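Visitor: Once you have looked at the hints, place chain Y on chain G.
Same order as they appear, the protein sequences are chains G and Y.
First residue of the first sequence: 35, per the numbering used here; consecutive thereafter.
First residue of the second sequence: 3, per the numbering used here; consecutive thereafter.
What the hints contain is simulated information worked out from the structure, not anything from laboratory work.
Here the structure is a predicted model, which is why all the values come from computation and not from measurement.
Ideal Cβ positions, reconstructed from N, Cα and C, are used throughout, including at glycine.
Wrong hints could be hidden among the right ones.
[Unchecked claim] Cross-link-like lysine-lysine pairs, in silico, DSS-like; alpha carbons within 25 Å at most:
id, chain 1, residue 1, chain 2, residue 2
1, Y, Lys226, G, Lys121
2, G, Lys75, G, Lys65
3, G, Lys137, G, Lys121
4, G, Lys110, G, Lys65
5, G, Lys137, G, Lys110
6, G, Lys65, Y, Lys226
7, G, Lys65, G, Lys137
8, G, Lys121, G, Lys75
9, G, Lys137, Y, Lys226
[Stated by the list, open to error] Covered stretches of chain G (in silico footprint by chain Y; criterion: 3 or more residues with CB under 8 Å from a CB of chain Y, positions within the stretch not fixed):
id, segment
10, 63-77
11, 81-93
[What the hints assert, rightly or not] Here are some chain G residues the structure puts well away from chain Y; computed CB gaps all over 10 Å:
id, residue
12, Tyr131
13, Lys137
14, Thr139
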Amino acid sequence: MRGILVVIGIVGLVVAASAVARADDYVLTIKDHRFSPAEIKVPANQRILITVINEDLTPEEFDSSALKVEKVVAGKSSGVVRIGPLKPGRYPFIGEYNEATAKGTVIAE
Amino acid sequence: MLGALIIVFREVIEAGLIVGIVMAATRGVLGRGRWVTIGVGGGVLGASVVAMFAGAISDAFQGAGQELFNAAVLGIAVIMLMWHNAWMARHGREIADEMRRVGTAVSEGAKPLTALAIVVGLAVLREGSEVVLFLYGIMASGTSGSALLIGGVLGIAAGAAFTALTYFGLLAIPNRHIFSVTSWLIALLAAGMAAQAMQFLNNAGLVVALDSTVWDTSWLLSEKSIFGRLLHTLIGYSEQPTEMQLIVYIATLFAMFLLMRVARPSPRPPLHAPAE
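Extracted from the complex, chain G is given alone in its bound form (with noise of 0.2 Å):
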């Protein structure tokens, strides 16, 4: 009981302690199990927030390890994915659910 306390006040202090996120807006749309752009340039060391528009009728995961990220977005909807701060470099992402077409980079400049 004791341990758990200790993980729930820690847990409390950093979200306390964490400030509130600024982010700006991209947007990457799902057709045909493609990404569109497949490319997005964004600003390095800031936290970013892209909106994924899926457009087919299947859901699709927009998963990255790079950018340490899992987000299933339903068909015909969208989802918000919210990424960085990154170093500049390249983030490959991809749609699990299509991995052959699904496919796009993150650059961070």
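Guide: Chain Y alone, transformed into the frame defined by chain G:
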């Protein structure tokens, strides 16, 4: 068809590992079959409901609903696993002794079974909702649906077979050691879940402190490979963990062992603690 099989299998094995470990951890406890069944059944039902409301969940909390939901599910599972391990630290020896003596199921243990049924339910719920969404999407798209659907169903079957493999593999461990092994497995499982929950809170924009990547071992073992996924579920392997994830991972392990030590029955006269 093969693609669908693999996608579904990947999701199912993550829940399957957890179910297999839980089954092994409750070996010899009376009525555990019923509890695990309730857990799986509840999880499947929950997964369907979650998939049905996927859009609404996703849109909640300024688009962070899915992340918060995942973090909450993982968080509850971690607490249940802690509870279970604390309980086992107190009663594990009695159960093992009894099993040796009578060689049958033990009636004690009704308590942690609720906890583990919840863990099973949550694991199935989380991975299952993605499977349901995926299969539903296939059906909704019509066209080449049936082959994909068969692939999906085969994927579930393969995942169930994998669960059985995990379980029987763990059963090979002698009675004497089974509970200490499963306690370790559960501690690592919980730590991995807690670290993952923390990343979901980060994705939700809630906890953004200490989010630099500590290492990158994607060249060595991709988190997306089957083996990487297994390790991800089992011990929380992450190819690019953040500082926060690492801290939470270690803190959870620490809290778990502290809790187990506190729960352990106080001095038994001739105590020769076996080195484990």
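Visitor: Run every hint past the structure and note whether it holds.
Guide: Hints, one by one, checked against the model:
{"no.": "1", "hint": "Y:Lys226 - G:Lys121", "verdict": "22 Å, holds"}
{"no.": "2", "hint": "G:Lys75 - G:Lys65", "verdict": "20 Å, holds"}
{"no.": "3", "hint": "G:Lys137 - G:Lys121", "verdict": "21 Å, holds"}
{"no.": "4", "hint": "G:Lys110 - G:Lys65", "verdict": "10 Å, holds"}
{"no.": "5", "hint": "G:Lys137 - G:Lys110", "verdict": "19 Å, holds"}
{"no.": "6", "hint": "G:Lys65 - Y:Lys226", "verdict": "24 Å, holds"}
{"no.": "7", "hint": "G:Lys65 - G:Lys137", "verdict": "12 Å, holds"}
{"no.": "8", "hint": "G:Lys121 - G:Lys75", "verdict": "13 Å, holds"}
{"no.": "9", "hint": "G:Lys137 - Y:Lys226", "verdict": "15 Å, holds"}
{"no.": "10", "hint": "63-77", "verdict": "violated (count 0)"}
{"no.": "11", "hint": "81-93", "verdict": "holds (count 6)"}
{"no.": "12", "hint": "Tyr131", "verdict": "6 Å, violated"}
{"no.": "13", "hint": "Lys137", "verdict": "13 Å, holds"}
{"no.": "14", "hint": "Thr139", "verdict": "15 Å, holds"}
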